[in-house]
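K.L.:
Going down the list, the sequences are from chains A and B.
Be aware that the first sequence starts at 1, since it is given in the working numbering, and climbs by one per residue.
Be aware that the second sequence starts at 1, since it is given in the working numbering, and climbs by one per residue.
Certain hints may be false.
[Said to hold, decoys possible] Okay, the calculated beta carbon distance ranges per label pair: (1) A:ARG161 <-> B:LEU254: 31 to 39 Å; (2) B:ARG227 <-> A:ARG161: 20 to 28 Å; (3) B:PRO59 <-> A:ARG161: 54 to 62 Å.
[Unchecked claim] Selected chain A positions facing chain B (Cβ under 7 Å, derived; list incomplete): (4) PHE23; (5) VAL33; (6) THR43; (7) GLU68; (8) GLY81; (9) GLU118; (10) PRO121; (11) GLN141; (12) GLY151; (13) GLU186; (14) VAL206; (15) LEU221; (16) ASP228; (17) LEU272.
[Unchecked claim] Straight-line Cα separation of at most 27 Å, BS3-like style, residue types lysine-lysine; simulated pairs: (18) B:LYS228 <-> B:LYS39; (19) B:LYS87 <-> B:LYS45; (20) B:LYS21 <-> A:LYS211; (21) A:LYS269 <-> A:LYS138; (22) A:LYS241 <-> B:LYS64; (23) B:LYS131 <-> A:LYS197; (24) B:LYS223 <-> B:LYS45; (25) B:LYS41 <-> A:LYS86; (26) B:LYS21 <-> B:LYS87; (27) A:LYS211 <-> A:LYS86; (28) B:LYS187 <-> A:LYS138; (29) B:LYS221 <-> A:LYS86; (30) A:LYS203 <-> B:LYS131.
If you're looking for bench data, these hints aren't it; they were derived computationally from the structure.
Glycine residues also receive a C-beta, built at the ideal position from the N, C-alpha and C atoms.
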Amino acid sequence: MPKRKTRAKPEPEGEQESSTRPFWSGTITFGLVSIPVNLYPATRSVRSSLRMLGPEGVPLHRRYFSPETGKQLDDDDMVRGYEIEKDEYVLVTDEELERLDPEKSRDIDLRLFVKNEEIQPVYFEHAYFLAPAGGSVKAYQLLAETMEKSGRAGIATFVMRDKAYLVAIFAENGILRAETLRFSDEIRSAEDIGLPKPKHAAKADVSRFEKLIKAHAKDQLSREELRDEQTEELLKLVEQKRSHHQDIVETGVAEHEPEKVVDLMEILKRSLAGKKAA
Amino acid sequence: MTARAIWTGRLKIGSSGLPVKLYSAVEDQGIHFHILDAKTKSRIKQHMVNPETGEEVPPEEIRKGYEVEPGTFVLLDDEDLSKLEPKPSRDIEVSRFVPSGHISHLWYDRPYYLGPDGDSDDYFAFVQALKNEDREGIVHWVMRGKSYAGAVRASGDYLTLITLKHSEEVLSDRDLPAPQARDLSEKELNMAQELVGALEGELHFENFRDEYRDRVLDFIKAKAKGRKPRLHPLRKKRPTASLERDLARSLASLKKEKKVA
Numbered sequence: 001m002p003k004r005k006t007r008a009k010p011e012p013e014g015e016q017e018s019s020t021r022p023f024w025s026g027t028i029t030f031g032l033v034s035i036p037v038n039l040y041p042a043t044r045s046v047r048s049s050l051r052m053l054g055p056e057g058v059p060l061h062r063r064y065f066s067p068e069t070g071k072q073l074d075d076d077d078m079v080r081g082y083e084i085e086k087d088e089y090v091l092v093t094d095e096e097l098e099r100l101d102p103e104k105s106r107d108i109d110l111r112l113f114v115k116n117e118e119i120q121p122v123y124f125e126h127a128y129f130l131a132p133a134g135g136s137v138k139a140y141q142l143l144a145e146t147m148e149k150s151g152r153a154g155i156a157t158f159v160m161r162d163k164a165y166l167v168a169i170f171a172e173n174g175i176l177r178a179e180t181l182r183f184s185d186e187i188r189s190a191e192d193i194g195l196p197k198p199k200h201a202a203k204a205d206v207s208r209f210e211k212l213i214k215a216h217a218k219d220q221l222s223r224e225e226l227r228d229e230q231t232e233e234l235l236k237l238v239e240q241k242r243s244h245h246q247d248i249v250e251t252g253v254a255e256h257e258p259e260k261v262v263d264l265m266e267i268l269k270r271s272l273a274g275k276k277a278a
Numbered sequence: 001m002t003a004r005a006i007w008t009g010r011l012k013i014g015s016s017g018l019p020v021k022l023y024s025a026v027e028d029q030g031i032h033f034h035i036l037d038a039k040t041k042s043r044i045k046q047h048m049v050n051p052e053t054g055e056e057v058p059p060e061e062i063r064k065g066y067e068v069e070p071g072t073f074v075l076l077d078d079e080d081l082s083k084l085e086p087k088p089s090r091d092i093e094v095s096r097f098v099p100s101g102h103i104s105h106l107w108y109d110r111p112y113y114l115g116p117d118g119d120s121d122d123y124f125a126f127v128q129a130l131k132n133e134d135r136e137g138i139v140h141w142v143m144r145g146k147s148y149a150g151a152v153r154a155s156g157d158y159l160t161l162i163t164l165k166h167s168e169e170v171l172s173d174r175d176l177p178a179p180q181a182r183d184l185s186e187k188e189l190n191m192a193q194e195l196v197g198a199l200e201g202e203l204h205f206e207n208f209r210d211e212y213r214d215r216v217l218d219f220i221k222a223k224a225k226g227r228k229p230r231l232h233p234l235r236k237k238r239p240t241a242s243l244e245r246d247l248a249r250s251l252a253s254l255k256k257e258k259k260v261a
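Okay, chain A solo, but in the shape it has when bound:
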């Protein structure tokens, strides 16, 4: 299913125009204090580096067609539908989805603060950096400093695109980060899966494993160990073929226009520093 990019998003007042739009724009509220923010993904995908090409090497584009008329469809010719019976759909617009719960579509309302370490790792889904928007730097700074000092994370639910999320807001190094969490009914329990009932472990077995753990214990994990070696191998092969002038096609058609290749880090730095994104 294609993702629709043309979603009407709420824009905070005084939001500066930038060529790289944030993932979500909204407001964090705690008490009566509201902080307009922009959300940027804290991760980037690097795997999708291969392009699909035609027989002559022309980069191909994905296009959408009507099954009946065979006509090519633009964004405006497509709607979202929920299948209630086979081939029978209820149409739902972006505006309707937003108006089902407009407050949650715009606000991350922090009504609960918990100890950072209280959230178990299985719940974490996606991470986003938050940048202040529309002159909210002072309130942003205040919330970040307060949360960081007390080691607390703020919890809320909010709606982004067409889905509600449970979210935890963390403060680290003066920067607020939103991490979406799974709802508890999305997490299976050991009973759901049917894992065997826990057994009392024999002391000797436990201490044998403790020794093994101690023998392989290290206090650090380097980023080096989490390198994507598979992609590195792919790049090596690409370079090898290139240096041998092997299997190269020059199409004169750039898949990406150079000026559109933007560094996410750069955008984040600029918006955190309160500068206009280039």
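Mind docking chain B on chain A? Use the hints.
P.N.:
Okay, now just chain B, sitting in the frame of chain A:
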């Protein structure tokens, strides 16, 4: 309900091995929409198209390439790609045990359970040992032609395995500048501290339900019956004008709530 294992392997620590089964720990509860042709209300088709000629290219004629310069591609065929696949193995290799909590949330990707495969004595002994040592194992393994890194942890009485993102995928906040406006006043900081303290509580995940999902489904049901359900108006929010005033008012209203309760 019992779930089927999606993979079986062996957790390998040094020369010791622990036979395990891998189960997904998450269950998708999302509402899925289809993209339809607005005129005919039937599901759209997608094709790969040559943008210059508008011609559709059938899947068997599609080639894959890596763009080394704008417009220049190095072609990789199926043989190249299968050579790049890591060697298949059933070993989930532990490289090290790091202190629990050492890995930032940012790295976590998808959670799985590891269950015992066959005899469970060693399995539960290992869970206990991980708890006693308060560590989690960093592991590497190959599953279905892809290599993974993950963290093996004790969760309750069982083992979970959470895949970790690659270092290229995670942006480091160390390189980011923290937003700085001016120095915050002592008073503002104290009030904010008090406000966070007043809102402090314990986290009970089961108290948070996805109510929005229910609203969307109810809305769809009503629409299917030909009704026009009412929607809420969209309103704009005013940003905070005076931090100190808003903090003071928030604290006052919280205190009032507490008195009533």
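K.L.:
Next step is simple, just say for each hint if it's right about the structure.
P.N.:
Verification of the supplied hints:
no.	hint	verdict
1	A:ARG161 <-> B:LEU254: 31 to 39 Å	holds, 32 Å
2	B:ARG227 <-> A:ARG161: 20 to 28 Å	holds, 25 Å
3	B:PRO59 <-> A:ARG161: 54 to 62 Å	violated, 29 Å
4	PHE23	violated, 13 Å
5	VAL33	holds, 5 Å
6	THR43	holds, 5 Å
7	GLU68	holds, 5 Å
8	GLY81	holds, 4 Å
9	GLU118	holds, 5 Å
10	PRO121	holds, 5 Å
11	GLN141	holds, 6 Å
12	GLY151	violated, 11 Å
13	GLU186	holds, 5 Å
14	VAL206	holds, 5 Å
15	LEU221	holds, 5 Å
16	ASP228	holds, 4 Å
17	LEU272	holds, 5 Å
18	B:LYS228 <-> B:LYS39	holds, 21 Å
19	B:LYS87 <-> B:LYS45	violated, 36 Å
20	B:LYS21 <-> A:LYS211	holds, 24 Å
21	A:LYS269 <-> A:LYS138	holds, 17 Å
22	A:LYS241 <-> B:LYS64	holds, 14 Å
23	B:LYS131 <-> A:LYS197	holds, 18 Å
24	B:LYS223 <-> B:LYS45	holds, 25 Å
25	B:LYS41 <-> A:LYS86	holds, 12 Å
26	B:LYS21 <-> B:LYS87	holds, 20 Å
27	A:LYS211 <-> A:LYS86	violated, 58 Å
28	B:LYS187 <-> A:LYS138	holds, 14 Å
29	B:LYS221 <-> A:LYS86	holds, 15 Å
30	A:LYS203 <-> B:LYS131	holds, 14 Å
Violated hints, in rising order: 3, 4, 12, 19 and 27; the structure is consistent with all others.
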